[in-house]
Amino acid sequence: MVEQSARARNVWVIVLSLVFAGVLAIVPLPLWLELWRPDWVALVLVYWVIALPHRVGLFTAWIVGFLLDVLEGNLLGLNSMVLTAMAYLALTLYQRLRMFTPLQQSMIMLMMVGTGQLFIFWVQAATGRNTADNLMFVMSAVTSALLWPLVFVSLRFWRRSFRVN
Amino acid sequence: MFADSRFDYLGKVRYYTAVAVTPLHLMADLPARIASAFDAFFEDRNALELRNASLEEELLMLQFKLQKLEHLEAENRRLSELLKASTIVDEVAVRAQLVGESSDPFSKRVLINKGSNDGVFIGQPVVDAYGLMGQVIEVEPLVSWVLLITDPLHATPVQVNRNGLRAIAAGTPDSLHQLTLENVSASADIQVGDVLVTSGLDQHLPTGYPVGVVSSIENDPGRPFATVRVKPTAEIDRSRNLLLLFTAPQAITQSTDAGDTILQQPVLQQSALAPASEPAVDVAQPLVPSVVPLVEPPVDVAAAPSVQPAAGETASNAEVAAPAAATPVPVEAGAVTGDDSQVPRFGEGRE
Chain W
1 MVEQSARARN VWVIVLSLVF AGVLAIVPLP LWLELWRPDW VALVLVYWVI ALPHRVGLFT
61 AWIVGFLLDV LEGNLLGLNS MVLTAMAYLA LTLYQRLRMF TPLQQSMIML MMVGTGQLFI
121 FWVQAATGRN TADNLMFVMS AVTSALLWPL VFVSLRFWRR SFRVN
Chain P
1 MFADSRFDYL GKVRYYTAVA VTPLHLMADL PARIASAFDA FFEDRNALEL RNASLEEELL
61 MLQFKLQKLE HLEAENRRLS ELLKASTIVD EVAVRAQLVG ESSDPFSKRV LINKGSNDGV
121 FIGQPVVDAY GLMGQVIEVE PLVSWVLLIT DPLHATPVQV NRNGLRAIAA GTPDSLHQLT
181 LENVSASADI QVGDVLVTSG LDQHLPTGYP VGVVSSIEND PGRPFATVRV KPTAEIDRSR
241 NLLLLFTAPQ AITQSTDAGD TILQQPVLQQ SALAPASEPA VDVAQPLVPS VVPLVEPPVD
301 VAAAPSVQPA AGETASNAEV AAPAAATPVP VEAGAVTGDD SQVPRFGEGR E
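Chains W and P, in that order, are what the protein sequence lines are.
Per the numbering used here, the first sequence starts with residue 1, numbered consecutively.
Per the numbering used here, the second sequence starts with residue 1, numbered consecutively.
Derived from the structure by calculation, the hints contain no laboratory data.
Misleading hints may appear alongside valid ones.
[To be verified] Computed far set for chain W versus chain P, every beta-carbon distance over 10 angstroms:
#1 Leu58
#2 Pro102
#3 Asn130
[What the hints assert, rightly or not] Estimated spans, in silico, between C-beta atoms of each pair:
#4 W:Phe100 to P:Asn183: 53 to 61 angstroms
#5 P:Met61 to W:Pro30: 31 to 39 angstroms
#6 P:Pro31 to W:Phe59: 31 to 39 angstroms
#7 P:Val19 to W:Arg55: 25 to 33 angstroms
#8 W:Arg98 to P:Asp220: 53 to 61 angstroms
#9 P:Leu60 to W:Phe20: 43 to 51 angstroms
#10 P:Phe121 to W:Leu31: 24 to 32 angstroms
#11 W:Ile63 to P:Phe225: 46 to 54 angstroms
#12 P:Asp39 to W:Pro30: 14 to 22 angstroms
#13 W:Phe20 to P:Lys65: 43 to 51 angstroms
#14 P:Ser185 to W:Thr127: 45 to 53 angstroms
For each residue, glycine too, the CB sits at the ideal point set by N, CA and C.
Go ahead and model the full structure; you've got the sequences and the hints to work with.
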């Protein structure tokens, strides 16, 4: 067993995809569309956890979440916590998740992102940063679930063509 | 999370991490920039000429208004000195560009491309060409977050320009273009079309900047207060060019000839106009050292001379961008004190 270098493992593909997801997470959208903005970072992160559980794990999730918090001007640690929880779920379930059909995986994403959103809004409301009076924000979980197959297929394509491992 | 919301010590962590993630903001803004550059490049010549003509016309009108403004401001200054108003607030505007928006659909915050490196501070008022936009709530080295006045967590102390009636304009959760006046009694003298300006009672927003126009009033007999809706005058969702206001309270110059000589000094400096020309004027500089380099952009220097000889004198150009002279309050913004270094800065603000 010879340890490959990071370059050989093409870790940069992972980093780049996460950066791209981060950009998508902050691209300005019209107000009505913003409610439907999918949780790009969660989708990409969960994909990498399922695909390469030995490479992307809780620590990565925490760091990514932290950067996302700074990026969004959010409470520090909020996204870290949610993304770490998601990564933990994906990490414990990855063998099962790999066997699931895309539809089943989408359902799992719906639950995970939806719960995450609820938690985020609960904390924001508790700290007085949010005055939302309806549950429309959970809609981003729906779009996330709908986009999951697309994210899955495209990231798998990149992973295979660059032999990321 | 708890630590961040309750205590202060994570501020530094956030501050330095922000440097690392700032490029992402710029990347996210890139498509819009490219699109506008593309538009500018392929713009029709006729359209450009038309636009140029209309801008020139607008400039003429603004200069015309400015002539009056000079006079009014001088008068205002003399009157406020007669009243021995304690301070005159001096304002310097620095242009900033919007580079991002909050991705949270419920909070109305925008990101601007000036940060602590440019001297931006928390609580700093931000205006656009038409009125108050918001205030800075978070400062990072290169960028900062501005809370818009329409955010439900923001409330602006205002007064009706017509009669000085004071109220508080709060943002609403449901609309980007609406404020409501809180606790206005049903019998208050307020009408549709009234212009609201900042009252300055919060002691950090400057006095007299337009906030909004009353768009509807509902008097429900079953309720103690009227429902007053206000449409912000600032182009909250369209402005990409914003102005950061640096305010520095200055004691009124108590010299006997204050009224006139103060007005004269900037005239002399107009001709030179170079930021370097600093005659020994003894008035204290506003506390914004890092602003001075921003004077540099060549566009502004080119634009400024064509404006200013005709526009008359004094440093009140910022008032064109935000016509604060509308207020009846004597303690007025945009002081004319001979701070020559303001001149190019205001020129910059006008762009």
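Hint by hint, here is what the structure shows:
no.	hint	verdict
1	Leu58	holds (17 angstroms)
2	Pro102	holds (27 angstroms)
3	Asn130	violated (6 angstroms)
4	W:Phe100 to P:Asn183: 53 to 61 angstroms	holds (56 angstroms)
5	P:Met61 to W:Pro30: 31 to 39 angstroms	holds (33 angstroms)
6	P:Pro31 to W:Phe59: 31 to 39 angstroms	holds (32 angstroms)
7	P:Val19 to W:Arg55: 25 to 33 angstroms	holds (27 angstroms)
8	W:Arg98 to P:Asp220: 53 to 61 angstroms	holds (60 angstroms)
9	P:Leu60 to W:Phe20: 43 to 51 angstroms	holds (48 angstroms)
10	P:Phe121 to W:Leu31: 24 to 32 angstroms	holds (29 angstroms)
11	W:Ile63 to P:Phe225: 46 to 54 angstroms	holds (49 angstroms)
12	P:Asp39 to W:Pro30: 14 to 22 angstroms	holds (19 angstroms)
13	W:Phe20 to P:Lys65: 43 to 51 angstroms	holds (49 angstroms)
14	P:Ser185 to W:Thr127: 45 to 53 angstroms	violated (33 angstroms)
Against the hints set out earlier in the document, violations occur for numbers 3, 14.
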